[in-house]
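**Student:** Residues per chain, in single letters:
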Amino acid sequence: GESVGLHLPTLSVQEGDNSIINCAYSNSASDYFIWYKQESGKGPQFIIDIRSNMDKRQGQRVTVLLNKTVKHLSLQIAATQPGDSAVYFCAENIEGYQKVTFGTGTKLQVIP
Amino acid sequence: GAVVSQHPSWVICKSGTSVKIECRSLDFQATTMFWYRQFPKQSLMLMATSNEGSKATYEQGVEKDKFLINHASLTLSTLTVTSAHPEDSSFYICSARDFAGGNNEQFFGPGTRLTVL
Chain A
1404 GESVGLHLPT
1414 LSVQEGDNSI
1424 INCAYSNSAS
1434 DYFIWYKQES
1444 GKGPQFIIDI
1454 RSNMDKRQGQ
1464 RVTVLLNKTV
1474 KHLSLQIAAT
1484 QPGDSAVYFC
1494 AENIEGYQKV
1504 TFGTGTKLQV
1514 IP
Chain B
45 GAVVSQHPSW
55 VICKSGTSVK
65 IECRSLDFQA
75 TTMFWYRQFP
85 KQSLMLMATS
95 NEGSKATYEQ
105 GVEKDKFLIN
115 HASLTLSTLT
125 VTSAHPEDSS
135 FYICSARDFA
145 GGNNEQFFGP
155 GTRLTVL
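Which chain is which? The protein sequence lines are A and B, in order.
Here the first sequence is numbered in the working numbering, starting from 1404 and rising by one per residue.
Here the second sequence is numbered in the working numbering, starting from 45 and rising by one per residue.
One should not assume that every hint holds.
Heads up, simulated DSSO-like pairs for lysine-lysine below, C-alpha to C-alpha not over 27 Å straight-line [stated by the list, open to error]:
| hint | chain 1 | residue 1 | chain 2 | residue 2 |
| --- | --- | --- | --- | --- |
| 1 | A | 1471 | A | 1459 |
| 2 | B | 110 | B | 85 |
| 3 | A | 1502 | B | 99 |
| 4 | A | 1445 | B | 64 |
Bear in mind the hints are in silico, worked out from the structure with no lab data behind them.
Isolated chain A (complex conformation) (with noise of 0.2 Å):
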């Protein structure tokens, strides 16, 4: 079979419903944390970010929540859209430090 590596898990969504694609971090201490959006062959792109000190931000049509306790991040997409099929990936970082880590990635694909 295919390595678990070559496979990005999948969620598929009706246009016009909402959208919840989950991200679990690893480092306890990180306390910064960003969504990104990559459309095929494209770079990352910024969606939202939150830092520790919130659970909760919201953007346009976004929001994304943060639970420390599980070390678990969530971006939630309101009225999704054709144009948000796309890879959303969360990173993690320590403020102060350079370094940010990106998680394993979802794959969002949005049915008309």
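Could you slot chain B onto chain A? The hints should help.
**Tutor:** Showing chain B alone in chain A's frame:
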């Protein structure tokens, strides 16, 4: 937002040759630039962190003699893949941080697709 460019956007080379990829911050000064590699259907893996005027810091498992990084100015970093082999074929992405005013955001370039024959 701040813009980061990469050149070339794609390159095909023969095995054994060297390839240079440029990363430029177009409208801000980047004291720190990062180089990532991404294989198909996988995440971005940090290769090295490059600070202007000093030697790059490489991640574990990344050969510094094979992936030469130069960050000679606040707007330009280069990655040279020396003696490239087919296993070096990948999508190389740079990013830059604009630390002015305490901005923590990292801006990514569009990536460079390297194919080694």
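**Student:** The structure should be examined with respect to each hint, and the outcome stated for every one.
**Tutor:** Hint by hint, here is what the structure shows:
1. A distance of roughly 11 Å separates the Cα atoms of residue 1471 (chain A) and residue 1459 (chain A); the hinted pair therefore holds under the 27 Å criterion.
2. With a CA separation close to 24 Å, the supplied pair residue 110 (chain B) and residue 85 (chain B) stays within the 27 Å bound.
3. Between residue 1502 (chain A) and residue 99 (chain B), the direct Cα distance comes to roughly 16 Å. Compliance with the 27 Å bound is thereby established for this hinted pair.
4. This hinted pair checks out: residue 1445 (chain A) and residue 64 (chain B) have alpha carbons roughly 19 Å apart, not beyond 27 Å.
Against the hints set out earlier in the document, no violation occurs for any number.
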